[in-house]
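Asks: The lines below spell out each chain.
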Amino acid sequence: MNATDHAPDDLAAALLQGYQPPSGVADELLQPDGRVRPVWQPLIDLLAGQTPDELAQRFARGDQHLHDTGVYYRQHSSGGSTLRDWPLSHIPVMIAAEEWQRLSEGLIQRADLLEHVMADLYGPGDLVADGLLPAELVARNPEWLRPIVGMRPRSGHFLHFLAFEVGRSPDGSWLVLGDRTQAPSGSGFALENRMATTRVFPDLFPNANVRRLAGFFRAFRDAMNGLRGESASRVAILTPGQHTDTYFEHAYIARYLGFLLLECEDLKAEQGRLTVRTIDGPQPVSVLWRRLDSRFADPLELDESSALGTPGMVAALRAQELTMLNCLGSGVLEARAMMAFLPRICERLTGQPLKIPNIATWWCGQTAERGFVYDNLQRMMIGRALSTDLPFEVDALTALGGDFRGSAQKPIGDWLETDGANLVGQEAVTLSTTPAMIGTDLVPRPALIRVFLARTPEGWTVMPGGYARIGRTEDPTALSMKNGGSVADVWVVSDAPVIAESLSLRQDGPFVRRLPGVLPSRAADNLYWLGRYVERAEARVRELRAYHLRLEEVGHREMPLIDHLERYLEGFGVDPDEPVPMAVLELFDAAQGCAGKVRDRFSTDGWHALTDLAFTARGMFNRVRPGDEAARRMTELLRKLAGFAGLVHDNMFRFAGWRFLTMGRALERADQMLSALAALTDPAAPPGSLDVAIEVGDSVMTHRRRYPMASGCNTVIDLLALDADNPRSVLFQLDVLREQEAMLTRTREGGAMSDLARRILLVHTDLSVAAPDAMTPARLLETRGAIRDISVALTARYLS
Amino acid sequence: MATDYDIRLEITYSYEAPAGSSRTLLRMLPLSNAVQQLISGRVSTDPDPDFRRDGADFFGNATSEIAHDRPLTEIAFRFAGRVRRSGGMPGLDLSTDLGRLGEEIAAIRGIGPQVPHHFLGASERIRHEPRIAAFAGALVAPDMSALAATRAIAHELHERFEFDPEATEVTTPPIAAFEARRGVCQDISHVTIAALRAVGIPAGYVSGFLRTRPPPGQPRLEGADAMHAWVRAWCGAETGWIEIDPTNDLLVGTDHVAVAIGRDYADVAPVRGSLRSEGTHTTSHKVDVIPCAGRSG
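Which chain is which? The protein sequence lines are A and B, in order. The numbering of the first sequence is numbering that gives the first Met the number 0, which starts it at 0 and goes up by one. The numbering of the second sequence is numbering that gives the first Met the number 0, which starts it at 0 and goes up by one.
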């Protein structure tokens, strides 16, 4: 090898100079003798040859990717919840393929063991009867769901998708710290970490023999499709909705795998099947990848207060009408205390010890174990037995090394004695460290890796890579993101070149165009209202701009037109004394709320544009003076609104969802225009009202050109209500509604005209033949009523 | 000694605005076990459902899953049937001392519906409440028998509570009723269960019917009875489950007919439903428990 392929050794030495893992822990980068592990060498060589600026540019590329994709997570705290940027640690964790193989074999053994335990806990109960598991740990576990007892899953298995939290102990061996069986998250984030990290190291990644992730997802997707049974049914991902911390991942992975993203309210348990409400009526769903905690899934048989559930879901599972991944009740396996018993259960059931041990755990409900924990307090973490948190996720009621984390409590000995059955002791292991770049320094930080396993017809398959969490400091309790930790990609590196896979297999044979998917009614409803709210906000902003321009002209409010406009705005809940009124901010929030519920169907650019709008408007609140400044700010908002409209119009695929968004905008625009015209063309309206109407209708130039002589009521109404060529006119909106309704109906049964189509056509015809002078304020308001009836009919037909 | 009862239960929901499609889980069919037997009768709904599936839940209670696909303004759920209730004479108190109850519980290896383990920890409606625990702890001692302790706790709560249907609702938490010292049988039963669990006695909830006797010289009013609730407690391996009625401060006898057992009301609610309705709704209960002539004694 040519010496110039390597960075000079002194550069590498400089890079590693400050890298000092704490004594007594294993390190991913350095061998015990202090030499760099071979699997890291190419990355270290590359890093060593970078200037700080070059490195910063690389990291910025990764961050830009995350920003463009819109990766975020929701952080809950006492003050509400906020969306946070994704905290990527740009240095991947490198693991050699042979080592990964041994880890995988151990985790597959554990996955099989957990399947066996779950089948027993919801079946014969032999583990308890044989004394391998204390009855009260099962009976008191809130995740052991009695309605599931006796259930036989349709697929033959309770568990299909698992994650394990693994760490490396000081002697270098792997250790399982947590079983994630309820609804493991992170596999989608792992994909995003990979995409971002390959942008940081585009020169290194392609030739570094890093195993690809796509094959894992393809195998799992195919496995899910294979579980459908009757082929006409669908696979869907069940999410608790946008307020859950990992909603981004749900939307992302639904898009990646091409599955529907559903919430419980989309679903209905019907006689003998589960269906999703769509704009084309109910459609069968037979496989659900559940990302919602079990107890919320069915208010009839599980948590009665759950607003998220689908009534009858448990019964549908019991009747084997669907396959759920994982089956309800799988959270029972996550309790910390289970780890105290799994090693023995494994030996008893398989005759083999666990290939990868789990963290040593003692349940303090047993006298001898309690005594052992008490005698070894210095190397124990003591916490709640049925908690599903990781050992390091400490709360106030956790004792570490003999001291409570929270405020003073009674002596630990008393605590163990009186509350032992609710407590476990877990060995306070020290996790291995891995490199993180802090500023310009490479420093060791504790790491924990989440590894994902999916069941396929051929057995468990392990994602070759994972989702690593990197501590903010050397303290392992600072691993979680809410404590400032970050996340990193995991590269499993082979000696030989790997196959560059993608999600789709090579297309052999003739090209087949996939049929468009179904559109759930709830998604259509949110897109429709997104359109309406944005348009409504635009109407208010235009009116406010006209108002503030007049205010600037006259300098005071003693003017009939100003009064008239104020009363009009107040009719919509707008307080004209607020230059950027709260009522307008709320409309932007409402629009963003709708878009947030359909992130899987809404472009990232559109989302960014909307977020920017809401953010900009909020930033103006209470900071803008009435008159000229307010008018200029309104112009700024209108420009951003036009940008959003442009994205929607030019960049969105014309799928059914786009049609609902478009119909929402058209209907709202017609509604707002009719309202404004009725108020401003009234013979009793103060002088100047017609000019405001033309301004609000964004038709100043056109009006001047078409009616150069004089403006009057008729010219205004002609242009803004009846002119089919003016994109602001009411008739134009009816054209849009007619066209879109026809496109939606295209695929539905022909024949009779729907109530909705008839209503649209009636108003359309009415306006097409109307003369301007016939459109009195009363007639305009009557037409407005007819427009609202169209919305009711549309809702009844498609959205409910 | 056995008594036959003709029992009718009707629970009606009326909606201001028609309620859309609904799904309901009913637990209205009386239990059949060692001391009572369902001779005849069934659960029905009016109007007839579009879907119905009968089954049993974890604790062995009969369930009917009901679905209506059309909007309804009124729906009635009914049980009508005959139950034979038998009962033995209360025997000697052979129950375990409170101080040894824990060992006997721990020795039971099983997670089947009858084991006491289900009835010690928190359940959906009953959390650990330190104030109730302190109240109960002051009434018992380790050398008391579990049965004596149960009776003492039930008696003290009976004394403490004033029966008051206006004071609480079906969703009132036990601690609120305990502090208010008022409530109905559901509240007193929930508080009793919380108190029993706090001193280590496994305790569960029983829904059912109680034969009521009209005041002397007055006729029995039709439909004037209500569903009742009481408590079951596990008093050791020898004694097993006993049932006690804290509302009336007595051990359960042949006047009581059980419908469902569970950890608390959430497990046994006669109607658990999901009715999507815009407006308000009203509920009415009608219960008749009529001993059959000539069969008593």
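Misleading hints may appear alongside valid ones.
To be verified - What follows is a set of in silico ranges between Cβ atoms, one per label pair, in the way DEER data are often shown:
{"no.": "1", "chain 1": "B", "residue 1": "Thr282", "chain 2": "A", "residue 2": "Ala306", "range": "15 to 23 Å"}
{"no.": "2", "chain 1": "B", "residue 1": "Gly59", "chain 2": "A", "residue 2": "Glu98", "range": "17 to 25 Å"}
{"no.": "3", "chain 1": "A", "residue 1": "Glu416", "chain 2": "B", "residue 2": "Asp96", "range": "31 to 39 Å"}
{"no.": "4", "chain 1": "B", "residue 1": "Arg130", "chain 2": "A", "residue 2": "Glu416", "range": "31 to 39 Å"}
{"no.": "5", "chain 1": "B", "residue 1": "Gly19", "chain 2": "A", "residue 2": "Asp576", "range": "51 to 59 Å"}
{"no.": "6", "chain 1": "B", "residue 1": "Thr282", "chain 2": "A", "residue 2": "Asp754", "range": "30 to 38 Å"}
{"no.": "7", "chain 1": "A", "residue 1": "Glu416", "chain 2": "B", "residue 2": "Gln36", "range": "54 to 62 Å"}
{"no.": "8", "chain 1": "B", "residue 1": "Glu165", "chain 2": "A", "residue 2": "Gly572", "range": "37 to 45 Å"}
{"no.": "9", "chain 1": "B", "residue 1": "Asp47", "chain 2": "A", "residue 2": "Thr794", "range": "28 to 36 Å"}
Since the hints were derived computationally from the structure, they do not count as laboratory data. Nothing here was measured: the structure is a model prediction, and the numbers come from that model. For each residue, glycine too, the CB sits at the ideal point set by N, CA and C.
Asks: Each hint should be assessed against the structure and marked as holding or not.
Replies: Status of each hint after checking the structure:
1. Between Thr282(B) and Ala306(A) the beta carbon distance is about 21 Å. The supplied range of 15 to 23 Å therefore holds.
2. Here the CB-CB span from Gly59(B) to Glu98(A) is close to 52 Å, at odds with the stated 17 to 25 Å.
3. Separated by about 20 Å at the C-beta atoms, Glu416(A) and Asp96(B) break the suggested range of 31 to 39 Å.
4. Between Arg130(B) and Glu416(A) the Cβ separation comes to about 22 Å, which falls outside the hinted range of 31 to 39 Å.
5. A beta carbon spacing of about 43 Å between Gly19(B) and Asp576(A) contradicts the range 51 to 59 Å that was offered as a hint.
6. At about 35 Å, the CB distance of Thr282(B) to Asp754(A) agrees with the hint of 30 to 38 Å.
7. For Glu416(A) and Gln36(B), the Cβ-Cβ distance of about 47 Å falls outside the hinted range of 54 to 62 Å, so the restraint is violated.
8. With their beta carbons about 39 Å apart, Glu165(B) and Gly572(A) fall inside the hinted range of 37 to 45 Å.
9. Between Asp47(B) and Thr794(A) the C-beta distance comes to about 30 Å, which sits within the given range of 28 to 36 Å.
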